[in-house]
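Participant: If you want the building blocks of each chain, they are given just below.
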Amino acid sequence: MDSATGTSNVLLSVKNLSKHYGSTKAVDDVSFDIKKGEIVTIIGRSGAGKSTVMRCVNRLVHSSGGKITFDNVDMASRMPGKTLRKTRSNIGFVFQHFNLVYRLTVFQNVMHGRLGHMSTFDATLGRYSESDKERAFEILSSLGLEEQIYKRASDLSGGQKQRVGIARALMQEPSLLMCDEPIASLDPVTSRTIMDIIVDQAKKRGIACIINLHQVDFAKEYSTRILGMRAGKLVFDDLPELLTKEKIDDVYGVSALEEGERAYAVGMEAMAVVG
Amino acid sequence: MLAKFFHRARPHGSKKDGYRAVPDEIKKQRRLYYIVIAIIALAFIATTVNTSFNPFIIFFNMENFIAFIVNDMIPPNFGRAVGLWDSLIQTISMAFLATFVGGIISFCLCFLASFQTSPSSVVVRLVRGLASLQRNVPTIIWLFIFRMTFGIGITIGFVALLFNTVGFLTRMFAEVVDEVGNESMEALDSTGSAYLPKLAQCVIPAAIPGFVSWLLFSVEINIRSAGIVGAMGGGGIGMLLMGHLNAFRYRTAFAFILVLAAVIIIIGVITDYLRERVLSK
Numbered sequence: 001m002d003s004a005t006g007t008s009n010v011l012l013s014v015k016n017l018s019k020h021y022g023s024t025k026a027v028d029d030v031s032f033d034i035k036k037g038e039i040v041t042i043i044g045r046s047g048a049g050k051s052t053v054m055r056c057v058n059r060l061v062h063s064s065g066g067k068i069t070f071d072n073v074d075m076a077s078r079m080p081g082k083t084l085r086k087t088r089s090n091i092g093f094v095f096q097h098f099n100l101v102y103r104l105t106v107f108q109n110v111m112h113g114r115l116g117h118m119s120t121f122d123a124t125l126g127r128y129s130e131s132d133k134e135r136a137f138e139i140l141s142s143l144g145l146e147e148q149i150y151k152r153a154s155d156l157s158g159g160q161k162q163r164v165g166i167a168r169a170l171m172q173e174p175s176l177l178m179c180d181e182p183i184a185s186l187d188p189v190t191s192r193t194i195m196d197i198i199v200d201q202a203k204k205r206g207i208a209c210i211i212n213l214h215q216v217d218f219a220k221e222y223s224t225r226i227l228g229m230r231a232g233k234l235v236f237d238d239l240p241e242l243l244t245k246e247k248i249d250d251v252y253g254v255s256a257l258e259e260g261e262r263a264y265a266v267g268m269e270a271m272a273v274v275g
Numbered sequence: 001m002l003a004k005f006f007h008r009a010r011p012h013g014s015k016k017d018g019y020r021a022v023p024d025e026i027k028k029q030r031r032l033y034y035i036v037i038a039i040i041a042l043a044f045i046a047t048t049v050n051t052s053f054n055p056f057i058i059f060f061n062m063e064n065f066i067a068f069i070v071n072d073m074i075p076p077n078f079g080r081a082v083g084l085w086d087s088l089i090q091t092i093s094m095a096f097l098a099t100f101v102g103g104i105i106s107f108c109l110c111f112l113a114s115f116q117t118s119p120s121s122v123v124v125r126l127v128r129g130l131a132s133l134q135r136n137v138p139t140i141i142w143l144f145i146f147r148m149t150f151g152i153g154i155t156i157g158f159v160a161l162l163f164n165t166v167g168f169l170t171r172m173f174a175e176v177v178d179e180v181g182n183e184s185m186e187a188l189d190s191t192g193s194a195y196l197p198k199l200a201q202c203v204i205p206a207a208i209p210g211f212v213s214w215l216l217f218s219v220e221i222n223i224r225s226a227g228i229v230g231a232m233g234g235g236g237i238g239m240l241l242m243g244h245l246n247a248f249r250y251r252t253a254f255a256f257i258l259v260l261a262a263v264i265i266i267i268g269v270i271t272d273y274l275r276e277r278v279l280s281k
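Just so you know, the sequences run in chain order A and B.
Everything in the first sequence is counted per the numbering used here, starting at 1 for the first residue and increasing by one.
Everything in the second sequence is counted per the numbering used here, starting at 1 for the first residue and increasing by one.
Since the hints were derived computationally from the structure, they do not count as laboratory data.
In this text, a Cβ means the ideal position worked out from N, Cα and C, and glycines have one as well.
Careful, some of the hints might be misleading.
[What the hints assert, rightly or not] One side only, chain A facing chain B, incomplete, derived with CB under 8 Å:
no.: 1; residue: R88
no.: 2; residue: H97
no.: 3; residue: L104
no.: 4; residue: H112
no.: 5; residue: L115
no.: 6; residue: T124
no.: 7; residue: G126
no.: 8; residue: R127
no.: 9; residue: Y128
[Unchecked claim] Which chain B residues face chain A? A few, computed with CB under 8 Å, are given here:
no.: 10; residue: G129
no.: 11; residue: S132
no.: 12; residue: G192
no.: 13; residue: C202
no.: 14; residue: P205
Can you build the whole structure from these sequences, using the hints too?
Facilitator: What follows is the structure, given as structure tokens:
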């Protein structure tokens, strides 16, 4: 890394991360650092391992090897449940399919972002503090959802659902926000709105951001740094303006057959592991 | 298991005769149908011969059947049907109480019986196995077992119904929880939520329509079985009905039968309507 900022600003450090499903390597020896205030996008084909990297960082997926340092905790190692939950509560996560509880209202879904910060007793009974509720109103109106606060999540449009997902992540007051293909299920116009919201909010609140994307033009436009992954390996890690045509071809250039076979194999192994 | 299935479904498999594989499959399936039909036909003939059962006897003896109903059962004698309403209320209470208590027990067990929320797959198999045992052994068998140990009466009727209800509802509730889906649970995990808040704030709100629907269905089932359970010694309207039948007081028995049937139908209609309302929400 030849960045001017010192190592003390490193928020998340991933070293030699790997994840195997059987003999298939979904993530293969990936290392990178994320510094405070960075907006980093990860590009690459489907099955290149982008999503797996993210899920390893907050341990939704257990990594097979390497070191992931966040908040002085190694997320790649076993740890007590309490430590895991505390660290997770400091990482916001936005999903491609929004992952809301659709029978609940927008407000209730956003309040879920506080569960990790509360005692188990209060969280189980849903006894949120007044200041948390006020913050939820504030976040929802800053995302343009003040009209929808008491609507059911199932009654919203795709773009509105994703805004609720973002609001839930922001409620956590995270220092890192991870967005796993946040616009892959949305139309082009809504996609731009959502990207604007994510990047604006991250900058305004001083949250570092990692975004998985399929759209190279969006990646170049919004990020301060781009990571490119191919077949589980990190093949590009630099400033957006240095992502030339050749580099893009390098990231995406694996023959369709080879990549398809690999994605298929990863899926098969994953299914075999799950059952 | 799933992996195997996908391997077969793969369009460009390593099979040399990739295109002929499909017709072969269909041929095999058709042959299987023929074999199954042949087995059923043979079994029917064999059992008919063995029991010397004449399937047309019902039609031949239709006059006896009608004569019995017209001469011996009609009109129903409500005058001698002592204790009809009290015992009816007992039977309905027995069914509701079994559903209610069974619902509470199943609500606690179902989270252990669902792969989504259970702490381990061993616990899932254990709880599901227990539930299957309770459910698959008929209520009547449970009743006989309890009757031999505790004697007859409304209490053993209730316990027998409760046993089946717990088995049935635990399994159905667990399936409802399975269907809540991993996605929203994953989201709550990522916020750092603990296990109980995750159940309370995400799984239960999403599962409530399913829970209520199965609970209503269980009321219907239990009202129906409560009559039969009663007749076998479980107390309530069924027991009085059996007494009158055994004493050849068919007109009085008919009064009981009419009331019981009416109640079963009414409750069935009400619960069906409520289930529709709940599931549409």
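Participant: The structure should be examined with respect to each hint, and the outcome stated for every one.
Facilitator: Cross-check of the supplied hints:
1. Against a cut-off of 8 Å between C-beta atoms, the interface hint on A:R88 holds, since the closest Cβ of chain B lies about 4 Å away.
2. The criterion of a C-beta within 8 Å of any C-beta in chain B is met by A:H97, whose closest approach is roughly 6 Å, and the hint holds.
3. The criterion of a C-beta within 8 Å of any C-beta in chain B is met by A:L104, whose closest approach is roughly 5 Å, and the hint holds.
4. Annotation: A:H112 was flagged as interfacial toward chain B, and the flag holds, the nearest CB pair being 6 Å apart, inside 8 Å.
5. Contact between A:L115 and chain B, as hinted, is supported at the beta carbon level, the nearest pair being about 4 Å apart and thus within 8 Å.
6. Annotation: interface hint on A:T124 holds; nearest CB of chain B at approximately 5 Å, less than 8 Å.
7. A distance limit of 8 Å between C-beta atoms decides the matter here; for A:G126 the minimum to chain B is near 6 Å, and the interface restraint holds.
8. Because the beta carbon of A:R127 sits about 11 Å from the nearest beta carbon in chain B, more than 8 Å, this interface hint is broken.
9. A cut of 8 Å between beta carbons decides the hint on A:Y128: the least distance to chain B is about 10 Å, and the hint is violated.
10. With 8 Å as the threshold, the beta carbon of B:G129 stays out of range of chain A, its nearest partner Cβ sitting at about 18 Å, so the hint is violated.
11. At a threshold of 8 Å, the smallest CB-CB gap from B:S132 to chain A is about 20 Å, leaving the interface hint violated.
12. For B:G192, the interface hint holds, the least distance from its beta-carbon to any beta-carbon of chain A being 2 Å, beneath 8 Å.
13. At about 5 Å, the closest approach between the beta carbon of B:C202 and any beta carbon in chain A falls short of 8 Å, and the interface hint on this residue holds.
14. For B:P205, the shortest C-beta to C-beta distance to chain A is roughly 5 Å, which falls under 8 Å, so the interface hint holds.
In summary, the numbered hints that this structure violates are 8, 9, 10 and 11.
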